[in-house]
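Top to bottom, those sequences are chains A and B. First residue of the first sequence: 1, per full-length UniProt numbering; consecutive thereafter. First residue of the second sequence: 1, per full-length UniProt numbering; consecutive thereafter.
In case anyone wonders, no lab produced these hints; they're calculated from the structure. One or more hints might be untrue.
Claimed, not checked - DSS-like cross-link-like pairs, simulated, lysine-lysine; straight-line CA separation at most 25 Å: (1) Lys89/B with Lys60/A; (2) Lys60/A with Lys90/B; (3) Lys90/B with Lys2/A; (4) Lys209/B with Lys90/B.
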Amino acid sequence: MKRFTCDELAGLITAYLEDALDRPARDGVRAHLACCEGCERYVEQFRATIGALGDPPPEKLPADMRDRLMSAFRERRRL
Amino acid sequence: MGSLAGGELPPDDVVVTALRAGDEAMFAALLDTWSGGMLRVARSYVSTDHSAEEVVQDTWLAVIGGIDAFQSRSSVKTWVYRILINTAKKRGARESRTLPWSSFEHDGVSVADQGFDAVLPGGWKELPAAWPTPESEALASEVRGLIAEGLARLPPRQRIVITLRDVEGCTSDEVCEILEISEANQRVLLHRARMAVRGWLADYFESVKQPE
Numbered sequence: 001m002k003r004f005t006c007d008e009l010a011g012l013i014t015a016y017l018e019d020a021l022d023r024p025a026r027d028g029v030r031a032h033l034a035c036c037e038g039c040e041r042y043v044e045q046f047r048a049t050i051g052a053l054g055d056p057p058p059e060k061l062p063a064d065m066r067d068r069l070m071s072a073f074r075e076r077r078r079l
Numbered sequence: 001m002g003s004l005a006g007g008e009l010p011p012d013d014v015v016v017t018a019l020r021a022g023d024e025a026m027f028a029a030l031l032d033t034w035s036g037g038m039l040r041v042a043r044s045y046v047s048t049d050h051s052a053e054e055v056v057q058d059t060w061l062a063v064i065g066g067i068d069a070f071q072s073r074s075s076v077k078t079w080v081y082r083i084l085i086n087t088a089k090k091r092g093a094r095e096s097r098t099l100p101w102s103s104f105e106h107d108g109v110s111v112a113d114q115g116f117d118a119v120l121p122g123g124w125k126e127l128p129a130a131w132p133t134p135e136s137e138a139l140a141s142e143v144r145g146l147i148a149e150g151l152a153r154l155p156p157r158q159r160i161v162i163t164l165r166d167v168e169g170c171t172s173d174e175v176c177e178i179l180e181i182s183e184a185n186q187r188v189l190l191h192r193a194r195m196a197v198r199g200w201l202a203d204y205f206e207s208v209k210q211p212e
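Using the sequences and the hints given, assemble the complete structure.
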């Protein structure tokens, strides 16, 4: 198992969440998180950030553009 | 499949067959499921909403024209997004807002710029503050606005990677294929971008904190 300092751990969170760490590193991250409140909270905030990013304001194409694209799709069959 | 915008679309072979047969409902479903995300991605490359809309329109026209020749070497989503990104890059270059795609120099946001002085090699100088759960719609909507504005300020490569991964829900394999970058590069860009966004959220939650 590897041992990490808090700043090293902060740099590994994405790799940890992606399951891209080798076993000793992953175990090291877990062991560190189990006994470091600051890093545990930091990882929670990372997860919350990812959650917030996945909830973007809705977007859609202007209705006239959507209509033109539907027509273009329909036209294609006649060519 | 199905990760984009949470839409439930049938498997690729069904989609492709339907499009080739001229199934308008299928085309409409793709259009409505993917266009929102495509607009967000296009904005990483061009400077106005209008340009982003045109990029998305041109992409769909290319999809309509290319569906008969599409060869399932990638997923339909990856194919569409590659067309989108090529179209957006060309348009962005015309607007002379070119992406330094071959270099990393503009992505060099150092750890010190990210409010990381709170983490000392030995441990936390100060615990990160607990965040409120943004359960109220007003707070959630402010957070969404803050993130949307902030993304525009990220270095372009970080912005496109975090948009594809965390906003649009693409997998890391998909992003590497769409952008033609290595997995390690993808991860570094994503991590830097997430650190930046986490930092803005931390500042925001600090600023709205109720006095104890």
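- Can you name, in rising order, the numbers of the hints this structure does not satisfy? 3 and 4
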